[in-house]
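**Student:** Protein chains in written order, with the numbering used here: chain X, 2 to 361; chain E, 2 to 361; chain L, 2 to 361; chain C, 2 to 361.
Hints may be right or wrong, so weigh each one.
All copies of an identical chain are treated as equivalent in the list; a pair is satisfied when it fits inside any one copy or across any two copies.
Under the rule of at most 27 Å between Cα atoms (straight-line distance), these lysine-lysine pairs were calculated in the DSS-like manner [said to hold, decoys possible]:
1. K172 x K257
2. K269 x K75
3. K45 x K279
4. K51 x K204
5. K75 x K221
Simulated from the structure, these hints should not be mistaken for laboratory data.
Please read all numbers here as calculations on a predicted model, not as lab measurements.
Number of protein chains: 4
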Amino acid sequence: MKKKSCVILAATGTVGQRLVDMLSKHPSFDIVDISASKRSAGLKYRDRLKDEWHLPSEIPEEIGEMTIKLTDPKEVEPADIAFGALPSSEAKVIEPKFAAAGYYVQSKASAMRMEADVPLLIPELNVDHLELIDIQRKNRDWSGAITTDPNCTTVGFAFALKPIYEEFGIKSVVANTWQAISGSGIPGVPGLLINENIIPFIKGEEEKVESEVLKILGKKEPSGVRNAEFRIASTCTRVPITDGHFETAYINTERKIENIEDVISCLKKFKGTPEFLKIKQKLSYAPDDPIVYRSEINRPQPRLDRMAGTVPGMATTIGRVRRGIDDYSVNLCLLSHNTIRGAAGSSVLGAEVAIALDLV
Amino acid sequence: MKKKSCVILAATGTVGQRLVDMLSKHPSFDIVDISASKRSAGLKYRDRLKDEWHLPSEIPEEIGEMTIKLTDPKEVEPADIAFGALPSSEAKVIEPKFAAAGYYVQSKASAMRMEADVPLLIPELNVDHLELIDIQRKNRDWSGAITTDPNCTTVGFAFALKPIYEEFGIKSVVANTWQAISGSGIPGVPGLLINENIIPFIKGEEEKVESEVLKILGKKEPSGVRNAEFRIASTCTRVPITDGHFETAYINTERKIENIEDVISCLKKFKGTPEFLKIKQKLSYAPDDPIVYRSEINRPQPRLDRMAGTVPGMATTIGRVRRGIDDYSVNLCLLSHNTIRGAAGSSVLGAEVAIALDLV
Amino acid sequence: MKKKSCVILAATGTVGQRLVDMLSKHPSFDIVDISASKRSAGLKYRDRLKDEWHLPSEIPEEIGEMTIKLTDPKEVEPADIAFGALPSSEAKVIEPKFAAAGYYVQSKASAMRMEADVPLLIPELNVDHLELIDIQRKNRDWSGAITTDPNCTTVGFAFALKPIYEEFGIKSVVANTWQAISGSGIPGVPGLLINENIIPFIKGEEEKVESEVLKILGKKEPSGVRNAEFRIASTCTRVPITDGHFETAYINTERKIENIEDVISCLKKFKGTPEFLKIKQKLSYAPDDPIVYRSEINRPQPRLDRMAGTVPGMATTIGRVRRGIDDYSVNLCLLSHNTIRGAAGSSVLGAEVAIALDLV
Amino acid sequence: MKKKSCVILAATGTVGQRLVDMLSKHPSFDIVDISASKRSAGLKYRDRLKDEWHLPSEIPEEIGEMTIKLTDPKEVEPADIAFGALPSSEAKVIEPKFAAAGYYVQSKASAMRMEADVPLLIPELNVDHLELIDIQRKNRDWSGAITTDPNCTTVGFAFALKPIYEEFGIKSVVANTWQAISGSGIPGVPGLLINENIIPFIKGEEEKVESEVLKILGKKEPSGVRNAEFRIASTCTRVPITDGHFETAYINTERKIENIEDVISCLKKFKGTPEFLKIKQKLSYAPDDPIVYRSEINRPQPRLDRMAGTVPGMATTIGRVRRGIDDYSVNLCLLSHNTIRGAAGSSVLGAEVAIALDLV
């Protein structure tokens, strides 16, 4: 298969570095350019990151030699795909320019996620939402497009709730999170503040969880996506763990749960929507089982489960599925790798889907 | 005031060490004997703990010189009060013997907490439950008595729920915990399993939270305590923090919450029940405000708030009080020091109350 | 005794906050003004630090109401003492202006530490070095003066080496450090980089240890201080601990060590130089024993020993004193609280000394 | 190539579990039996470890079905190789029985390491020491043999010192360690004691480092190994890190170091002894470069470097190579994965060597 050309926007940050690492090893993509802000533009990637490359792997040889461009479609090489790892405030301005210039933008930023004509994609759950791109192109007169990945905290909840929503309906959810430090990037949360501590507030996080899940589980209709209609009340905390977001969900269901085994069973058998299964064999970043169910009483745990899945770090692990206080409620724990499934890995999978569907 | 004589049962464990430290500095108590299991009996306390004293302070001079007795009322000196820091399975057998022998047993063990004629005491919340002791003495023909302290995880929830229960009524609670390592004692949870990890299961913990809170908030009636009637669904996790249990509670109320400020206000103004306030000035371990409310968006935090209160570590800090998904729900975060208010400090305060009420 | 008036320069940083906390409770000092950089000047201290006060205690009532001034002697109120918590590059320029304007500057910055006419003070070890101030005033034509505190990492080594240097002479030292996160301040080292990690490099730290100790142990002569003449080779690392620098020193001595007990004995009996002992009773921040020796095989430990001393956090704990590979070498471990003895506490003690010696 | 049959002694512990995981995936070995102590014997491996399997991977299907035998050559199936993960006190008694019964015992225990006729093997450094096996078999009349792996802390030092010893000679070494929690196994060090702490003592560790390195760097002579003759003074500490021992070595050399680049160069070019290089291509667990040299100022770090090497976790990373206080000294930092290169990985590599040399 012919490789797709791609550029990485904001390639120097923590998500950008992961994208450089993943895409440089990926057989379907050819990195033709990398960009960053004014501070870095003009420098060789290797020189710029000499003391600031934060992955155990080495900087890929070829990328290390590239000169960083300014993040602007006039400066950056033309390409099929632009992977966007920009801060949200910049993404809001810059990504539309890339879409207008013909790039298919796979964006990690929150800026456009809740726009009515922008897909908020978790391929296993809502690949049909990519139909929004037709509407988007019409609305905005773009030759390219923008597709967004959800917030790292959203992903795990979305996977756990989708099968239950389909089978039992959901009235409301109480969501709590134990979020890893890597989610805050670098510099991110200061070491002194998070060591031996829990910080029960992450700016913007609860709003994202409470809205994004509803869009992801929403129904694609001719005019757009109709959001799922339940409500989520969340508390998001930062804990002294490097990687892996641990989360609990207490779910009030529409329909009676005769037997908690029925909930476990619907989680275990979930492989993705029919639309997703049609393209799955083309996706190297999609794990065989997007949900890994563990029966042990003390799982999931970040140390043991963050790299779960046949594509390490791309599956959501669910455990401790229990009845709530009545027959219309279920309590569960989950774990999702926040920088793989929750960030760079999602972007790569999203781009694979775009290729599989000939959107790019 | 004449000092009360006391003995410490299981004085070598982590709670026992804290009791030795606290009581040796306390003007109202005179430690006349210390006990432990067969392995330690006969040894000098200082020699036994040479490499296993785990507090920053030194072993108190006089206690260090004491010879450890076997935990048996036939071996231990007579005393007004027996502070019990035994494992639950042993407490079940041994503490009743001490109560029969005339000791007022202030017990940290879970063994007897839910017995109908045994008080489960948080003085600020239910000091009137100590009236159970009359029933207990009649039932069991004891000259002494047993009063129990709640589980470390229960305490914070009980403080947060009591004022809301009185003012708005409670239908149900979704409870989540981030529990410190010290709660597991020594050896407790292995370092390798909890470092850089979260363990989403603590044996027996969820059952305790879900039952103990209801007894503590229960109403003393002539024949005993009638438990509060709402239900709690909890998830208890261990996190890599030394001290301080962080907890969240999502509370569905009976009555409408017109304004979230009303909830905050009822928490801020809570000082204890009228029965408690009558004896408060006699209690050196009762902090001026049992609840410390923090208005900052990112509090409580273990590092900053675990030593809250005019008696450090004895107050519960509450923050992030927010509406839930409707007008009948409230979401909040709290922090309680698990080895002070949640263990040894509770025992000392409980014994102070017993003295204040002439129960001993 | 009449209080001395003082100002705190850079009162918003982590050291500045500690100084505000300590000095506001100290009977000898009256905080008359606080300063910071342009970003903060003009704001109320409480408003500026609303979400950035990082101590468990509250912002002192009165200081909270003060308006922050720009760090400039023309803006700041006149005072006897200026406590300097400025970054080194700024201290280099600003502190001399305060000294020229008549303030006695007690500086935490490294900028002036190695200047020939500036004392680098650890009162127990070299209070006679304050005689440099006469030279300094002549040299620089200042009505005020500058005295500096050593780097947080230097302090522990200086205490451990001084008695051995006096008794056995020192030829060379191999020094290793395990430094706490708080030493880097806020933002300091990013959480993601230090959690579950060791960073074996701290900019400028090894140079400071290797030079400062020699000046502190140097001999005051009429013309200045003659540095001690041995050499130190150090490796400084950051470890995931909140507070307390753990350090090891392998010391090659000039004279034969007949018995390792002789080394232990000289450490245990050390109380300070004769010059120091003359003023000691006037110093509330000087612990009874500046060195706490522990005989346990597994001490010192940060969790247990960082608050050592009759003034918590002001004593250095030494343990594991052993022979090296021959009779001319000794190996030991030590622990020193980096933000108390290593920062704000040192400044307060230094100012107490200045008062005791009528330098201010 | 025909597979070699093997058994794993003490297959339920942390090292045993790693061996099960590694060997079940290894093409050269066929696990024919597993053993443990009386408590576990008779149980299915999967059932025994249901809640105590501590690796992210799953229990290998076939091994899970095996019934655990008692660790006794009369109970265990005959096999070419016995991988020994026994506690040292048991190994001392049991391993010789297996050697006598014809097994080639690759032992992780310290019991026999310093015996004159037992190889203490790091293949890259001293594969010629395996000639001791002839002596051993004569001495002890064994049809099998025992070869030992060094202590996890020894390995990194041995790699760093070997090239320098060969090129410059060594007079003495000051060694310090920052050891990961996994080195203590499970239960190992209690979470409460190591979280937010450093413990400056590990029983037996310093003695091992100080003796084992000298044997490993010793010269094979007809009658046995003559130990290297320098001396090591070490301080071993436990730090709150999951995996990866960080260590520093301050080395006094026999010969003058004209240029520190000469030291770096001898470390970088080191690939193993000539005897090792002859068999290297037969060894799948030997990384291409046993020493990875890093030029960055802040490396090695556990998080980034523990999985270094073309066989992850099998290479030692060295950095910060600097002059000491004179031209006869060098200071360096190193990192070695304690449970891979320092434990199970060493055993697997050792067995591969035994096969390559037709010792089994």
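**Student:** Treating 27 Å as the Cα threshold, decide for K45 and K279: within, between, both or neither.
**Tutor:** This pair counts as neither: shortest intra-copy Cα distance 42 Å, inter-copy 41 Å.
**Student:** From the Cα coordinates, with 27 Å as the cut-off, is the pair K269 and K75 best called within, between, both, or neither?
**Tutor:** This pair counts as neither: shortest intra-copy Cα distance 48 Å, inter-copy 44 Å.
**Student:** Between the shortest in-copy and the shortest cross-copy C-alpha distance, which are at most 27 Å for K51 and K204: within, between, both, or neither?
**Tutor:** So K51 and K204 pass the 27 Å test across copies only (16 Å; inside, 31 Å).
**Student:** 27 Å Cα cut-off: does K172 pair with K257 within a copy, between copies, both or neither?
**Tutor:** Both ways: K172 and K257 sit 12 Å apart in one copy and 19 Å across, limit 27 Å.
**Student:** Given a CA cutoff of 27 Å, do K75 and K221 count as a within-copy pair, a between-copy pair, both, or neither?
**Tutor:** neither (35 Å within a copy, 67 Å between copies)
In this structure, the earlier hints numbered 2, 3 and 5 are contradicted, and the remaining ones agree with it.
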